[in-house]
Amino acid sequence: MYLVASVCFVLALKGLSSPKYARYGNFIGAFGMLVAVVTAYVHGVVHNGLWILVAVALGVAVGIPAARSVKMTAIPQMVALFNGVGGAAAALVALAEFFAVPDTTVLFRLATVLTVLIGSVSFSGSVVTFLKLQELMTTRPVLLPAGQQLAIAAAASSVALCAVTMAVPNGLLLWLLAVVGLALGVLFVLPVGGADVPIAISLLNAFTGLAVAASGYVLANTLLIVAGTLVGASGTILTRLMAQAMGRSLANILFGAFKATTAVAQGEEQRTVKSGTVEDVAILLGYANNVVVVPGYGLAVAQAQHAVRELVAQLERRGVSVAYGIHPVAGRMPGHMNVLLAEADVPYEQLKELDDVNPGITSVDVAVVVGANDVVNPGARDEPSSPIYGMPIFDVDRAKSVVFMKRSMRPGFAGVDNELLYNPKTTLLFGDAKDSLTKLLAAVKQL
Amino acid sequence: MIDLLTIFVLAVFVGFEVVSKVSTILHTPLMSGANAIHGVILVGAILITGSAESTLELVLGLIAVFLATVNVVGGFVVTDRMLEMFKR
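In the order they appear, the protein sequences are chains A and B. Going by our numbering, the residue at position 261 of the first sequence is 261; the numbering climbs one at a time, nothing skipped. Going by our numbering, the residue at position 9 of the second sequence is 1009; the numbering climbs one at a time, nothing skipped.
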């Protein structure tokens, strides 16, 4: 039966990587999980059966409403949280098994310490990413005075603890290892800058997979090994793909830690920006031939997906050709913006990627930036000192004109000031994205 | 032990192979789906709790069962909600 479940998981991942079969893939995965869990319950449970059912029921009672009620904009932090609890579960399983069978071979002990360590790192790391994404704490990189030394110390002591625990199996040491793992997870994620948090989630996801695989050795359960390894391997690849989409190396994201952030944001005086009225912008848009809309997280926060679609439809009725420029990391996760716009019934064909938009950008009359910031920041292209230098951007500063819809002059998620705001070609339209778009729609209709 | 290692190595290759070419659109759902799949630790949690002898094991196991269940059901439901958006 475990074999059936394993095959289901492979098919699920396969399905999830093609748009057509993604949903089936998810169902197959859920089916495989059901088979596995029922099998485990029927064959593996000697006693405490009722307790287990109660715990499962509680888990369902918490998990489903949480997953159902979460807003689409808050999905990334939800995934981070689910990932974290999975890591914690793996660590607890290894701990419990250790207390059940403390006297085992060295290899089993190795698997045990690895599960406890990786599971703890994944749990605390995920909690920190959740706090960052939920903006319960600063989204900027947090650099502790001796953060690097502390992290190295925690890493070194965890390795030492692993070694000692393997030599002298001791419950107390294992608990200590879990605590060090928790600290390590926090230290590891704190310096990661806001825009890179999604990549950290993906990496932690792979970590949890590995922890589950290691717990499979502890329990000598092939299904756990297969499923955990699948997630570990695919998660690693996915993390690399995401890093590539951001144009940055993984090492740079994890250890480069946006060192120059504050240096760039500071040292600037009050500079003049050009802000326009709704009518100005309506005229600009209504008489353009070619418009590109670059939506960002701000659009999602303002729940303005529908408003932007209506505006685009109105412009198209006037014969304006409109495309959406979707940055791979627009929103808070790769592909997040596609999900949000699909929710608002924006047709696929209008969603263009970087490589489709940038070559023809000079012939674009108006680039409309709605609630995006970092993905159009020319600093990423021109200023090696910029913390987001190297991230591919939409070259909207090369379009004939730019309309920048913003709530305020606050910098974007990465906490970096945007040179584009001061560009003479740029017209700023302050206000809530939904509000501005609705007014724009009315103004365009009156032209 | 060698058998388990063999399984591990083979699974690594399968994992790499399966997701080597994914469009950015699907990165988020794929991550979320993989996230649900590692909730399979629920199986481990159930097995360990089902054979628990001491109170400590039982408590640890039950917490693990609870957390793993949240991971599994939450993961699959969230993934499905995301994919629902893509359905035309």
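Mixed in with the good hints there might be a few duds.
DSSO-like mimics (lysine-lysine), calculated; alpha carbons at most 30 Å apart, straight line [claimed, not checked]:
#	chain 1	residue 1	chain 2	residue 2
1	A	K71	A	K274
2	A	K274	A	K425
3	B	K1021	A	K14
4	A	K400	A	K425
5	A	K439	A	K425
6	A	K274	A	K352
7	A	K71	A	K400
8	A	K445	B	K1021
9	A	K20	B	K1021
10	A	K20	A	K71
11	A	K425	A	K445
12	A	K71	B	K1021
If you want the footprint, here are the derived chain A segments under chain B, 3+ residues with CB under 8 Å [said to hold, decoys possible]:
#	region
13	20-32
14	421-435
Negatives, chain A to chain B, calculated, CB over 10 Å [stated by the list, open to error]:
#	residue
15	N83
16	A100
17	L143
18	L144
19	G147
20	L150
21	V168
22	A183
23	Y217
24	G390
Keep in mind that the hints were calculated from the coordinates and are not lab data. Yeah, the Cβ is synthetic: ideal placement off N, Cα and C, and Gly gets one too.
We went through each hint and held it up to the structure:
Proposed proximity of A:K71 and A:K274 is contradicted: the alpha carbons are some 34 Å apart, above 30 Å. Under the criterion of a C-alpha separation no larger than 30 Å, the hint pairing A:K274 with A:K425 is consistent with the structure, at around 9 Å. At most 30 Å may separate the alpha-carbon atoms for a hinted pair to count; B:K1021 and A:K14 meet this at roughly 10 Å. Annotation: proposed proximity of A:K400 to A:K425 holds, straight-line Cα distance about 7 Å (limit 30 Å).
Under the criterion of a C-alpha separation no larger than 30 Å, the hint pairing A:K439 with A:K425 is consistent with the structure, at around 22 Å. Between A:K274 and A:K352, the direct Cα distance comes to roughly 28 Å. Compliance with the 30 Å bound is thereby established for this hinted pair. Under the criterion of a C-alpha separation no larger than 30 Å, the hint pairing A:K71 with A:K400 is inconsistent with the structure, at around 36 Å. In summary, the hint linking A:K445 to B:K1021 is not supported, as the alpha carbons are separated by about 44 Å, beyond the 30 Å threshold.
For the suggested pair A:K20 and B:K1021, the alpha carbons sit about 14 Å apart, so the restraint of at most 30 Å is met. The straight-line distance between the Cα atoms of A:K20 and A:K71 is roughly 24 Å, inside the 30 Å bound, and the hint therefore holds. Our distance criterion of 30 Å between C-alpha atoms is met by A:K425 and A:K445, whose separation comes to about 25 Å. Our distance criterion of 30 Å between C-alpha atoms is met by A:K71 and B:K1021, whose separation comes to about 29 Å.
For a cut-off of 8 Å, the count of residues in the region 20-32 of chain A with a CB near a CB of chain B stands at 7, and the three-residue condition holds. Counting residues of the region 421-435 of chain A whose beta carbon lies closer than 8 Å to any beta carbon of chain B gives 0, which falls short of the minimum of three for the stated coverage. A beta-carbon of chain B is positioned within 10 Å of the beta-carbon of A:N83; the least distance is around 5 Å. Chain B draws A:A100 into its interface by the beta-carbon criterion, the shortest separation being 5 Å against a cut-off of 10 Å.
No beta-carbon of chain B is positioned within 10 Å of the beta-carbon of A:L143; the least distance is around 27 Å. The non-interface label for A:L144 is consistent with chain B: the shortest C-beta to C-beta separation is roughly 28 Å, beyond 10 Å. Listed as a non-interface residue, A:G147 keeps its Cβ farther than 10 Å from every Cβ of chain B; the least gap is roughly 27 Å. Non-interface call for A:L150 relative to chain B: holds, since the shortest CB-CB distance, roughly 27 Å, exceeds 10 Å.
Distance to chain B confirms A:V168 as a non-interface residue, since its nearest Cβ pair spans about 20 Å, more than 10 Å. Every beta carbon of chain B lies more than 10 Å from that of A:A183, the smallest distance being close to 20 Å; the non-interface claim holds. A beta-carbon of chain B is positioned within 10 Å of the beta-carbon of A:Y217; the least distance is around 6 Å. A cut-off of 10 Å between C-beta atoms confirms that A:G390 is not in contact with chain B; the least separation is 18 Å.
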